[in-house]
Amino acid sequence: MPAARLSCRHLFGIEPLSIEELELILDTAKSFQKVHEQPLKKLATLRGKTVLLAFFEASTRTMTSFSLAAQRLGADVIPFVSSGSSVSKGESLTDTLLTLEALKPDGLVLRHAASGSPEFVARHLKIPVINAGDGLHEHPTQALLDALTIRDHKARLTGLKVAIVGDVQHSRVARSNVHLLAKFGSQVTLCGPPSWLPPFFASLAPNVRLSHRLDEALTDADVVMALRVQSERRAGDIFPVDEYAREFQLTRSRLKRAKPDAIIMHPGPMNRGLEIDSEVADGTQSVVLEQVTNGLAVRMALLFLLLGSTHAAD
Amino acid sequence: MLLIKGGRVIDPASKLDDGRDILIADGRISAIEKKIEKVGAEIFDASGMVVAPGFLDLHVHLREPGGEGAESIATGTRAAAAGGFTAVCSMPNTQPVNDNAAVTASILSRARETGVVTVYPVGAASSGSAGEELSSIAAMKRAGIVAVSDDGRPIANARLMRGVMEYCRTLGLPVIDHCEEPSLFGEGVMHEGAHSTRLGLRGIPAACEEIPVARNCILARETGAHIHLAHLSTCGALESVRLAKQRGVRVTCEVTPHHFTLMDEDIRDYRTCYKMNPPLRGREDRDALLEGIADGTVDAIATDHAPHHPVAKEVEFDLAPFGVIGLETALGLALDRLVHTGKISLTRLVELFSTHPAKILGLDRGKIQVAATADLTLFDPAREWTYRVEQSESKSRNSPFDGWKFRGAPMATIVAGKIIYQRK
Numbered sequence: 001m002p003a004a005r006l007s008c009r010h011l012f013g014i015e016p017l018s019i020e021e022l023e024l025i026l027d028t029a030k031s032f033q034k035v036h037e038q039p040l041k042k043l044a045t046l047r048g049k050t051v052l053l054a055f056f057e058a059s060t061r062t063m064t065s066f067s068l069a070a071q072r073l074g075a076d077v078i079p080f081v082s083s084g085s086s087v088s089k090g091e092s093l094t095d096t097l098l099t100l101e102a103l104k105p106d107g108l109v110l111r112h113a114a115s116g117s118p119e120f121v122a123r124h125l126k127i128p129v130i131n132a133g134d135g136l137h138e139h140p141t142q143a144l145l146d147a148l149t150i151r152d153h154k155a156r157l158t159g160l161k162v163a164i165v166g167d168v169q170h171s172r173v174a175r176s177n178v179h180l181l182a183k184f185g186s187q188v189t190l191c192g193p194p195s196w197l198p199p200f201f202a203s204l205a206p207n208v209r210l211s212h213r214l215d216e217a218l219t220d221a222d223v224v225m226a227l228r229v230q231s232e233r234r235a236g237d238i239f240p241v242d243e244y245a246r247e248f249q250l251t252r253s254r255l256k257r258a259k260p261d262a263i264i265m266h267p268g269p270m271n272r273g274l275e276i277d278s279e280v281a282d283g284t285q286s287v288v289l290e291q292v293t294n295g296l297a298v299r300m301a302l303l304f305l306l307l308g309s310t311h312a313a314d
Numbered sequence: 001m002l003l004i005k006g007g008r009v010i011d012p013a014s015k016l017d018d019g020r021d022i023l024i025a026d027g028r029i030s031a032i033e034k035k036i037e038k039v040g041a042e043i044f045d046a047s048g049m050v051v052a053p054g055f056l057d058l059h060v061h062l063r064e065p066g067g068e069g070a071e072s073i074a075t076g077t078r079a080a081a082a083g084g085f086t087a088v089c090s091m092p093n094t095q096p097v098n099d100n101a102a103v104t105a106s107i108l109s110r111a112r113e114t115g116v117v118t119v120y121p122v123g124a125a126s127s128g129s130a131g132e133e134l135s136s137i138a139a140m141k142r143a144g145i146v147a148v149s150d151d152g153r154p155i156a157n158a159r160l161m162r163g164v165m166e167y168c169r170t171l172g173l174p175v176i177d178h179c180e181e182p183s184l185f186g187e188g189v190m191h192e193g194a195h196s197t198r199l200g201l202r203g204i205p206a207a208c209e210e211i212p213v214a215r216n217c218i219l220a221r222e223t224g225a226h227i228h229l230a231h232l233s234t235c236g237a238l239e240s241v242r243l244a245k246q247r248g249v250r251v252t253c254e255v256t257p258h259h260f261t262l263m264d265e266d267i268r269d270y271r272t273c274y275k276m277n278p279p280l281r282g283r284e285d286r287d288a289l290l291e292g293i294a295d296g297t298v299d300a301i302a303t304d305h306a307p308h309h310p311v312a313k314e315v316e317f318d319l320a321p322f323g324v325i326g327l328e329t330a331l332g333l334a335l336d337r338l339v340h341t342g343k344i345s346l347t348r349l350v351e352l353f354s355t356h357p358a359k360i361l362g363l364d365r366g367k368i369q370v371a372a373t374a375d376l377t378l379f380d381p382a383r384e385w386t387y388r389v390e391q392s393e394s395k396s397r398n399s400p401f402d403g404w405k406f407r408g409a410p411m412a413t414i415v416a417g418k419i420i421y422q423r424k
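Top line first, the protein sequences correspond to chains C and P. Sequential numbering from 1 applies to the first sequence in the working numbering. Sequential numbering from 1 applies to the second sequence in the working numbering.
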């Protein structure tokens with residue numbers, strides 16, 4: 001049974017959420033999926049509300065998705081993009097956000113390079129905070145849109161075999177997905193070279209396996225997720241990218257080990273020819289573009305649940 | 001004249017643990033007897049209290065000169081007094097760095113003017129603590145340093161460390177090292193393990209400390225120098241120390257109260273009062289520290305009192321400076337976690353806070369005897385109290401122990417015969 005409402009007024013990550021809360025978000029998102037197919041796509045649900053989008057890390061996709069989600073619900077958005085850290089400009093994150101809060105938004109969507117910044121910021125602000133990706137910690141809306149996509153194809157989130165391949169160590173997407181899929185009782189195999197997959201990931205959640213061999217990880221998988229090799233964050237990284245492409249790239253021949261109806265996912269943006277072969281990215285099993293569309297529905301659902309009138313009343 | 005009556009005097013140096021009155025005149029202990037009556041003497045009723053030789057904290061950052069926004073010699077030594085310490089070692093990572101006799105002299109002069117407890121400056125091992133060439137260690141020794149260390153900027157270069165040890169052996173100074181291998185430290189902000197993985201915070205592996213600990217033990221054996229290893233935090237570090245001690249290497253070490261109390265799993269809500277270096281380690285490391293304190297591998301308890309201005313600390317976890325304040329909670333934590341749990345005796349506690357720190361620095365203190373300077377720490381092992389960081393004597397507020405209840409409290413701190421702190 002889905003929960004009637006979310007117990008926390010913020011969304012910090014997947015880890016603190018219950019299965020019932022996750023179901024509520026996914027069911028709500030499901031109902032919003034249809035909106036995109038209508039000729040008139042705008043609802044009035046959050047009319048009069050204002051959503052502050054504060055992105056301290058470059059991210060066109062997530063920003064666009066949240067912005068459109070808010071607008072489709074009838075809300076106004078204040079976009080605030082700051083490439084470098086605010087500290088380099090002499091202003092602290094709290095001062096920046098307190099200034100923006102003075103513009104009286106009803107909620108904050110935060111993307112920041114420091115893990116835990118949503119929790120930190122929420123201690124200083126009065127409005128709900130939605131995590132749009134914090135450092136290496138979590139990217140909850142990504143895991144939710146992935147879950148919605150998986151559920152659309154597999155009709156369940158339980159008992160699936162999911163392989164997540166790539167730079168797991170530096171991936172908040174992987175962490176959020178592990179928490180979500182483990183809660184529903186799916187078995188996640190994390191795969192990558194040891195430099196990118198430390199042994200501690202085995203204790204991140206129940207039913208998590210680690211593998212340093214792609215063939216092993218892909219065997220009988222229902223879902224295969226490639227992570228982006230983050231070339232922009234590779235300072236100090238000792239594992240060579242060309243070695244990775246040879247040993248861990250998702251190719252059609254390697255994917256023969258997965259179930260024939262396995263779906264192939266990628267959080268984007270893709271490095272074609274690095275973590276994923278173009279043939280796979282564009283192939284019939286790829287659901288990459290559905291993920292993007294579902295991102296909209298999931299973000300609408302969260303904005304609705306956290307900023308909608310029922311929750312604002314208390 | 002001050003007469004301390006009815007206390008339980010514990011002095012490990014003379015193996016005394018019994019009821020004694022202590023008479024102090026002209027800043028020195030003039031008599032230690034079962035019953036002393038002295039007309040005209042001010043009487044301090046110490047019944048229910050332990051009277052110990054004055055505590056010495058081997059590892060304190062007083063931030064003066066240069067960091068007075070976070071702490072000063074005046075406020076830091078007041079916090080020390082409130083914690084039961086009669087003396088502190090001040091680390092050299094000030095601005096300017098204490099790497100020459102002029103800075104040492106100015107610290108000592110400020111300490112005489114504004115400090116309430118004795119300040120023993122530690123000099124920088126390398127010039128500017130830059131890790132390249134030796135500082136003017138002999139001149140600083142004449143000016144009053146008691147040890148050298150590049151604390152805060154660990155000595156990565158083994159050749160330099162060997163040079164520091166060789167030189168300090170001839171000068172009779174201990175070398176204090178903050179053991180940290182920079183290439184493994186990287187951009188780490190907490191202990192590397194399951195919890196850093198879950199929190200998405202970059203990890204500092206145990207090996208980052210354990211490699212230089214082993215290196216330092218090897219170099220101390222080769223040079224014959226006395227190496228004192230600061231704030232050890234891992235199981236493997238203590239194993240190396242244990243082995244080196246068995247082989248007769250002149251190695252001593254200290255552990256902080258936050259490391260023997262807290263673990264990486266205690267880090268809550270990304271609160272920066274849990275961010276320090278070395279980081280809070282895993283449960284097995286914390287347990288190993290408790291064991292090392294009980295079995296004698298650990299020589300001293302030191303706080304690594306590291307004040308930071310609230311504005312500097314109230315930022316994202318990644319950006320916050322490392323360090324917590326600890327002078328006022330050290331004794332409470334030690335009594336709670338070590339004595340009341342039956343891990344160590346009160347005598348051992350006094351050794352860890354007083355007798356051994358004095359011995360490590362080769363100072364003639366840390367004992368209760370006639371004619372000795374009357375530096376005494378009086379504490380009540382049963383007194384219950386709650387730590388409120390907003391009432392701290394320190395200028396800073398970066399403590400993970402705010403609101404903690406303790407059994408056992410410092411009651412009075414006496415420096416050179418003067419009561420400089422008394423619990424209300």
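These aren't lab readings, by the way, just hints derived from the structure by calculation. Incorrect hints may have been included.
Claimed, not checked - With a straight-line Cα cutoff of 20 Å, these simulated EDC-like cross-link-like pairs (lysine to aspartate or glutamate) come out:
no.	chain 1	residue 1	chain 2	residue 2
1	C	Lys126	P	Glu314
2	P	Lys38	P	Asp26
3	C	Lys259	C	Asp215
4	C	Lys126	P	Asp26
5	P	Lys405	P	Asp364
Quiz item: Is it true that the CA of Lys38/P sits at most 20 Å from the CA of Asp26/P?
Solution: 15 Å, holds
Within 20 Å, alpha carbon to alpha carbon, are Lys259/C and Asp215/C?
Distance of about 13 Å is within 20 Å: holds.
| said: Run the distance test for Lys126/C versus Glu314/P: straight-line Cα separation, threshold 20 Å. | reply: 17 Å, holds
Check: Is the straight-line distance between the alpha-carbon of Lys405/P and that of Asp364/P 20 Å or less?
Finding: Violated, at roughly 35 Å.
**Item:** Given hint Asp26/P paired with Lys126/C - CA-CA distance at most 20 Å
**Value:** 60 Å, violated
In this structure, the hints that do not hold are numbers 4 and 5, in rising order.
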